[in-house]
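*Asks:* Using the sequences and the hints given, assemble the complete structure.
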Amino acid sequence: MSDEIVKRTQETAKTLFGKGVKMDPPYLMWREFDKDLANEFSKFITGNLYSRKVLTLPERQYAACAILAATRATEELKLHVNAALNVGCDPRKLTEIFFQVATYAGMPAVNEALEVYREVLKERGEWPIK
1 MSDEIVKRTQ ETAKTLFGKG VKMDPPYLMW REFDKDLANE FSKFITGNLY SRKVLTLPER
61 QYAACAILAA TRATEELKLH VNAALNVGCD PRKLTEIFFQ VATYAGMPAV NEALEVYREV
121 LKERGEWPIK
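The numbering used here puts the sequence shown at residues 1 to 130.
Everything labelled a hint here was simulated from the structure, so no lab data went into it. No residue lacks a Cβ here, since even glycine has one placed at the ideal position from N, Cα and C. Be aware that one or more of the hints could be misleading.
Using C-beta positions, here's what the derived DEER-type ranges look like [to be verified]:
# : residue 1 : residue 2 : range
1 : Phe-99    : Leu-55    : 28 to 34 Å
2 : Asn-39    : Met-107   : 35 to 41 Å
3 : Ile-129   : Phe-33    : 36 to 42 Å
Under the rule of at most 20 Å between Cα atoms (straight-line distance), these lysine to aspartate or glutamate pairs were calculated in the EDC-like manner [what the hints assert, rightly or not]:
# : residue 1 : residue 2
4 : Lys-53    : Asp-36
5 : Lys-14    : Glu-59
6 : Lys-130   : Asp-90
*Replies:* Structure below.
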């Protein structure tokens with residue numbers, strides 16, 4: 001079972017984070033503090049949770065982007081906007097999701113999310129949105 005989880009973790013991580021914006025995933029920082037715990041977190045998040053079939057990877061990324069925008073977690077948002085685009089999330093829908101955040105978290109959260117989103121799109125050579 002452990003080998004299967006490691007394989008799922010690696011495959012899912014590659015799908016989500018394997019192309020686009022070049023930035024270190026939080027996993028690398030976790031490892032600096034506790035390698036074993038970092039591996040367990042990674043297997044749980046990417047190998048168990050993200051690989052479940054109840055939601056598709058794009059649906060999970062839309063949810064992650066909305067939550068990260070609302071909580072103003074901009075560095076993590078950058079990572080997940082890139083992952084969302086990697087798994088085929090529609091750029092216009094991501095824009096709409098960020099505007100929807102205004103209802104629950106206010107315009108400063110929207111503005112920060114849109115700044116992060118534009119930065120990622122520029123780094124990927126996908127700005128402006130067509």
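*Asks:* If a hint holds in the structure, say so; if it does not, say that too.
*Replies:* Checked hints:
no. : hint                         : result
1   : Phe-99 / Leu-55: 28 to 34 Å  : violated, 22 Å
2   : Asn-39 / Met-107: 35 to 41 Å : holds, 39 Å
3   : Ile-129 / Phe-33: 36 to 42 Å : holds, 38 Å
4   : Lys-53 / Asp-36              : violated, 27 Å
5   : Lys-14 / Glu-59              : holds, 17 Å
6   : Lys-130 / Asp-90             : holds, 11 Å
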